[in-house]
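Kindly produce the complete structure, drawing on both the sequences and the hints.
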Amino acid sequence: MGEPFEPRIVAFLCNWCSYTGADNAGIARMKSPPEVLPIRVMCSGRVSPEMILRCFRAGADGVLVLGCHIGDCHYISGNHRTAKRIPLVQRLLSYVGINPERLRLDWVSSAEAPKFVQITNEFVQTIRSLGPIRQELGLPRMGGGR
Amino acid sequence: MKENELVEILRGCAARKLPELDGLLGILRTTEGAAPYVFHHCEELAGLVLSPRYPLGGIVRVLQARYPKARLGVVVRACDLRGLVELAKRGQVAPDRLYLLAVACTPEEAQHCRCQRPVPNPTGWPQVEVLGSPAAAAEAHPLLVQNERLGLAERWAFWRQEFAKCIKCYGCRNICPECFCQACALEDPLWVERGILAPPFPTFHLVRAMHMASRCVGCRQCELSCPAHIPLTVLYELLRRDVAEMFGYQAGEDLSAQPPLSLSLTEETTPLPNP
Ligand code: SF4
Ligand code: SF4
Ligand code: FES
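As they're listed, the protein sequences go chains A and B. Read in my numbering, the first sequence has 87 at position 87, and its numbers run on one by one without any break. Here my numbering = 1-based position in the second sequence + 146.
I should point out that these hints are in silico values taken from the structure, not numbers from a laboratory. We put the beta carbon where it would ideally sit given N, CA and C, even for glycine. Please note that the accuracy of each hint is not assured.
[Unchecked claim] Quick list of in silico lysine to any residue cross-link-like pairs, SDA-like style, CA-CA up to 20 Å:
no., chain 1, residue 1, chain 2, residue 2
1, B, Lys311, A, Ile27
2, B, Lys311, A, Ile70
3, B, Lys311, A, Pro140
4, B, Lys311, A, Gly97
5, B, Lys314, A, Ser77
6, B, Lys314, A, Glu50
7, B, Lys163, B, Thr177
8, B, Lys311, B, Lys215
9, B, Lys163, B, Pro272
10, B, Lys314, A, Arg57
11, B, Lys215, B, Arg243
12, B, Lys311, A, Leu137
13, B, Lys163, B, Ala240
14, B, Lys163, B, Glu151
15, B, Lys311, A, Leu139
[To be verified] A few chain B positions that, by computed beta-carbon distances, are all more than 12 Å from chain A:
no., residue
16, Ala181
17, Val184
18, Arg212
19, Ser279
20, Ser410
21, Thr412
Here it is, written out as structure tokens:
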């Protein structure tokens, strides 16, 4: 009741580009939003629909997937799969009535610390305007099995 | 064409073909009921029938794994053929050792399954014979149009209610000709909670829908076998349209077309949509 909304956002960052980008943002003492919980994965192609859905189920208000730019993936074509998969997950979410803006895909290289900060800030704004997912979908807190 | 005429034609073809084959997989009807059966002798063919429909793709997979050298004939419908095409692409069946007797469904059958593609389209399948006369595509599920019209909140209200009916019998997965993984994500407690019926968040259904993208051949077996009557194929069909629109891919239509979600962008022929 009347509690301020603190969005909880999970960001999957690929080890080779986006995580390093985020790291560089920190080293350069840029301020990035504390609402974002980073999870390092080896490649954005590792992020399965199951992982994204589990985040939502566990109460994440938004999920961000960041990877290397197309052409720069450490595993050559890992992010090609990401680029195809995420738009489909977004559509599926929208078909059952979950706002697809709660899932965002973007590319951030290791040299793009400012872009990392910009995207995470933008995303926090988007999620703030959407409000808490629990409220939108009427979900209870996730019990056990964390 | 009437079903009994079609059955006669089918038995004729089967009798002609059977001597060249090690067996013919179809449905056998006896006084005790009907079940999938491998016919070996022409005398048995009097019991070969077309209904009830039964997805034989999974049985073909098991038979080929057990008897890798056998030349097997299979009586298929258009959807079974599409299913075998997708299984073949994923290395689950070997097309060169499968002779297909593909039967076009009657208009009534097409209606019953709301089938959009009731005529077998054997593009690329090495050995296949098509029997029966083509029926028109049935009308699409009314919910497909309706879902597009609803706003997000209304969609959620609708699907939430539908998913809440799920008793997690796994019937939809078990009947699906395209589900063959040894370890199923739907049984992994990491993704789908154990012991909770109608989980508050529909991971089960969304994971299954994602796994069916570019794979579901629209046979509607899952929906027809769901004891809770959840309109599952509406979601799969919406994703099927997306896959067609984004990647120009139709599951089950062409044996040589590769499933787009497992291809890189450079192997892909159609350009990528912007994320
Ligand atoms: S309609 Fe259902 S049973 Fe048939 S292929 Fe699609 S998901 Fe599987
Ligand atoms: S067949 Fe229906 S009730 Fe059974 S698991 Fe699938 S959706 Fe749930
Ligand atoms: S390694 Fe960065 S997206 Fe694949």
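How the hints compare with the structure:
1. Taking the CA atoms of Lys311(B) and Ile27(A), the gap is near 51 Å; set against the 20 Å cutoff, the hint is violated.
2. For the given pair, Lys311(B) sits about 42 Å from Ile70(A) by alpha-carbon distance, which is inconsistent with the 20 Å threshold.
3. The straight-line distance between the Cα atoms of Lys311(B) and Pro140(A) is roughly 18 Å, inside the 20 Å bound, and the hint therefore holds.
4. In summary, the hint linking Lys311(B) to Gly97(A) is supported, as the alpha carbons are separated by about 17 Å, within the 20 Å threshold.
5. Annotation: proposed proximity of Lys314(B) to Ser77(A) is violated, straight-line Cα distance about 36 Å (limit 20 Å).
6. The hinted pair formed by Lys314(B) and Glu50(A) meets the criterion: a straight-line CA distance of about 18 Å does not exceed 20 Å.
7. Restraint check for Lys163(B) and Thr177(B): not satisfied, since their Cα atoms lie roughly 26 Å apart, outside the 20 Å limit.
8. Among the hinted pairs, Lys311(B) with Lys215(B) is inconsistent with the structure: their alpha-carbon atoms are about 45 Å apart, more than 20 Å.
9. Distance restraint check for Lys163(B) and Pro272(B): the Cα-Cα separation of roughly 15 Å lies within the 20 Å cut-off, and the hinted pair is therefore satisfied.
10. For the hint pairing Lys314(B) with Arg57(A), the CA-to-CA distance comes to about 17 Å; that is within 20 Å, so the pair holds.
11. About 8 Å separates the Cα atoms of Lys215(B) and Arg243(B), which keeps this hinted pair within 20 Å; it holds.
12. Proposed proximity of Lys311(B) and Leu137(A) is supported: the alpha carbons are some 17 Å apart, at most 20 Å.
13. The suggested pairing of Lys163(B) with Ala240(B) holds, with an alpha-carbon distance near 19 Å, which does not exceed 20 Å.
14. This hinted pair checks out: Lys163(B) and Glu151(B) have alpha carbons roughly 19 Å apart, not beyond 20 Å.
15. For the hint linking Lys311(B) to Leu139(A), the alpha-carbon distance of about 17 Å falls within 20 Å, and the restraint holds.
16. For Ala181(B), the non-interface assignment is confirmed: its Cβ lies about 35 Å from the closest Cβ of chain A, beyond the 12 Å cut-off.
17. Val184(B), annotated as away from the interface, keeps every beta carbon of chain A farther than 12 Å; the closest lies near 37 Å.
18. The beta carbon of Arg212(B) is kept farther than 12 Å from every beta carbon of chain A, the shortest such distance being approximately 31 Å.
19. Remark: the non-interface label on Ser279(B) is consistent with the geometry, its nearest Cβ contact in chain A lying 36 Å away (cut-off 12 Å).
20. Its beta-carbon lying about 3 Å from the closest one in chain A, Ser410(B) breaks the requirement of being farther than 12 Å from that chain.
21. Not every beta carbon of chain A lies more than 12 Å from that of Thr412(B), the smallest distance being close to 7 Å; the non-interface claim is violated.
The structure is inconsistent with the numbered hints 1, 2, 5, 7, 8, 20 and 21, although it conforms to all the rest.
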